[in-house]
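Visitor: With the hints as your guide, set chain Z onto chain R.
If you want the building blocks of each chain, they are given just below.
There are 2 protein chains.
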Amino acid sequence: MSWGHAGPAVGGERYARAALSFLTDPGDPVLGALLECAGPDEVLAAIASGDPNPARSLPSASSADGRGARISVAVVDRAVERWRARLGDLPPVARLAAWERSGYTLVCPGDAEWPTQLDDLGDGRPVVLWLRGSIDLRFACLRSVSVVGSRAATAYGSHVATELAADLAGQGWTVISGGAFGIDACAHRGALAVGGCTVGVLASGLTFGYPKSHAGLFAEIERTGMMVSECAPERAPTRPGFLVRNRVIAALSRGTVVVEAALRSGAINTARHAGELNRAVMAVPGPVTADQSAGCHELIRECAATCVTGARDVIELVAPLGEVEPGPSREPAVPADNLDPVTTSVLAAVPRRTGRGPAAIATLAGVDLDTALRCLGLLAAAGHVERCDQGWRARTI
Amino acid sequence: MSWGHAGPAVGGERYARAALSFLTDPGDPVLGALLECAGPDEVLAAIASGDPNPARSLPSASSADGRGARISVAVVDRAVERWRARLGDLPPVARLAAWERSGYTLVCPGDAEWPTQLDDLGDGRPVVLWLRGSIDLRFACLRSVSVVGSRAATAYGSHVATELAADLAGQGWTVISGGAFGIDACAHRGALAVGGCTVGVLASGLTFGYPKSHAGLFAEIERTGMMVSECAPERAPTRPGFLVRNRVIAALSRGTVVVEAALRSGAINTARHAGELNRAVMAVPGPVTADQSAGCHELIRECAATCVTGARDVIELVAPLGEVEPGPSREPAVPADNLDPVTTSVLAAVPRRTGRGPAAIATLAGVDLDTALRCLGLLAAAGHVERCDQGWRARTI
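For the protein sequence lines, the chains are R and Z, in the order given.
Using the working numbering, the final residue of the first sequence is 397, and nothing's skipped along the way.
Using the working numbering, the final residue of the second sequence is 397, and nothing's skipped along the way.
Only chain R is shown next, with the shape it has when bound in the complex (with noise of 0.2 Å):
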């Protein structure tokens, strides 16, 4: 591990956005609006600068577009104002390569191990990735998917969350989760489990660890998967922090899975920010008699997420086209094995694709008019043909 490839040298960009970690919080929009037309050694040097009015040294902020406004002066100046206070966090270099000693390594963007899929965010892509573990981070999540939920899960989800992230580990698909108690890290588990690959995405920086009580989970984790947090190591999580943390989660991913989410959890808030991102967004259902299910119902109802029961259906809807082979068919009704003799020879004259008349269905199946009509009666009712302006085809499901 090390501090990619430039090194923390004092003055560099890579050590600037490792000192922005400190100073600033993840996606402060006056930073991200900054950093779209300032690079982040000249915001940090105009933090350093000790000028009252540091916006007068970084060029482009005051033609910086600031979602949707023009970003003012003072706007700037405040900022950076309030960013100078924390100068006295910032750790010197010295510390920096202890970190580097212990661990860690920092991933900006343009490196080889940025997952460039955090792009996506825009002016609310991270500064910097602070990462804890053994394998390519960009790599492991080119096939990932977030499996999120609940903190206070019940056993149904538990158990639900750790097959499923066992099944999609186990075929070789990184999943993705917060760490928390509950969903989260039943996910994790699960992926473990099978000696699969697995990333947590922390809302506090990784030395801090929280919740404390997961950092036998988190060491695993590290051991074999990744962890990752946007936040200087030692930085307690706050409230708004975990919302932040979320769209990191939903973006590094194909796809978002909700195993269990009360209406208010943030797990939903998760699952909204992939839909923002076009990733895909699952719901995975339960009993409409639990809390716990309310708001995976919610989200297939309200918010057009897919329903999955199982790894299966959802490697089909993150999987590139052609990877998947086809689920088992979809049987109608009564199972085609289950019809008699005549009834299906009948089927058997019924094309797949155009329609067919039922006089040149009768003599197909070699029986007569009435017996093929009387067929394609019950079997338009049992699900296996359907009418058409050709006549009768028969039905795919």
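FYI, nobody ran anything at the bench for these hints, they're computed from the structure.
Among the hints, erroneous ones may be present.
[To be verified] Taking beta-carbon pairs under 10 Å as the criterion, some of the chain R residues facing chain Z (in silico):
1. Arg223
2. Val284
3. Thr289
4. Gly310
5. Ala381
[Stated by the list, open to error] Covered stretches of chain R, as calculated for chain Z (at least 3 residues, CB under 8 Å):
6. 23–29
7. 150–160
8. 235–244
9. 302–308
10. 362–373
Virtual Cβ for every residue (Gly too), placed ideally from N, Cα, C.
Guide: For chain Z alone, kept in the frame of chain R given last:
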């Protein structure tokens, strides 16, 4: 109860329809096509004639459009011959009068009590309905929902079906089902438990009353609701008859809810009929670990059935526009009353429809622009606001 307004005079259309329900099977496509161009009395006369070429006595039969193909004279002849073989089953008019005294009503297309929504079935429309009960069927079905599902119901499904039916019936909705074991019976009983209206549509004749052990349930339904069959009273059910019956359950109501159904359940067939008839198709989710919910999940995922969790969701879909009060608003991840005062004031300054720029929002909220931008970022992450062309607007979920 009576034989309708006209009485079962031999030779009349009403008597002919009653007689045809003894001689033919429900949903017979040849009979359906014949009745599109010949009167039921003409068809009955042709059956009774003894003529070896009865189609000659059905003037329009030779030009009838038989489901995409001209029905040939030979096909009609053979069908009539098949029906003629059952002439021995046809009871004397005196027997019809005995049924009348025992509480049957015969309802034909065109009668005041005929549920005209059945006409959506086209030439698959029942020839006649045999009724036993104490309500006006047509009126009761104007506000009705079909609740169907697996015979092998779980405790969960039984609970949900009972509660759902009770809630629907308690709000003035008629609950239609098929009188079978499991979900069907729970649906009827839930409606009965709250003194609501329920309709049982059997695949057997009503005197036969399949399943036999539900005789008590059927008697109770008759007392306050209605039992319905398109079969003659003593007809036993046939295997395909259940599937054919399902189209009537689907057509009578505004929508069909499947509570529990395995992948090959007949309830899936009912839901499919509902979809073809442009009725609402709904399914109640359940544990993905239960086979009994697999059909429901498939309906939701593959057949665009709406995921419903209770009577409110159902009524929202089937009630006439404007009748339903809007549900409790879908809340964002962090409820608005948990926000700090400054963020609350910024949220209050964000308009609902067209967007507003951050500078204007800051002015309205009485905060400086960078505070407004920080708050907007947080509010966006929490799902309260979203960006749009004109700036920011409140999010309606």
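Visitor: Could you run down the list of hints and mark each one as holding or not?
Guide: Hint check results:
The beta carbon of arginine 223 of chain R is not positioned within 10 Å of any beta carbon in chain Z (closest approach about 31 Å), and the interface hint is therefore violated. Below 10 Å, beta-carbon pairs count as interface contacts, and valine 284 of chain R has one with chain Z at about 6 Å; its hint therefore holds. Hint status for threonine 289 of chain R relative to chain Z: holds, with the closest Cβ pair at about 7 Å, below 10 Å. For the restraint placing glycine 310 of chain R at the interface with chain Z, the shortest Cβ-Cβ distance is roughly 7 Å, inside the 10 Å limit, so the hint holds.
Restraint check, alanine 381 of chain R versus chain Z: the minimum CB separation of about 4 Å is within 10 Å; hint holds. Counting residues of the stretch 23–29 of chain R whose C-beta sits closer than 8 Å to any C-beta of chain Z gives 3, which meets the bar of three, so the coverage hint holds. Counting residues of the stretch 150–160 of chain R whose beta carbon lies closer than 8 Å to any beta carbon of chain Z gives 3, which meets the minimum of three for the stated coverage. Only residues whose C-beta sits within less than 8 Å of a C-beta in chain Z count toward coverage, and the stretch 235–244 of chain R has 4 of them, enough to reach three; the restraint holds.
Judged by the Cβ-Cβ criterion of 8 Å, the stretch 302–308 of chain R is covered by chain Z as claimed, because 4 of its residues qualify and three suffice. Coverage of the stretch 362–373 of chain R by chain Z holds [criterion: at least 3 residues with CB-CB distance below 8 Å; count 4].
Comparing the model with each earlier hint shows a violation of hint 1 alone; every other hint is respected.
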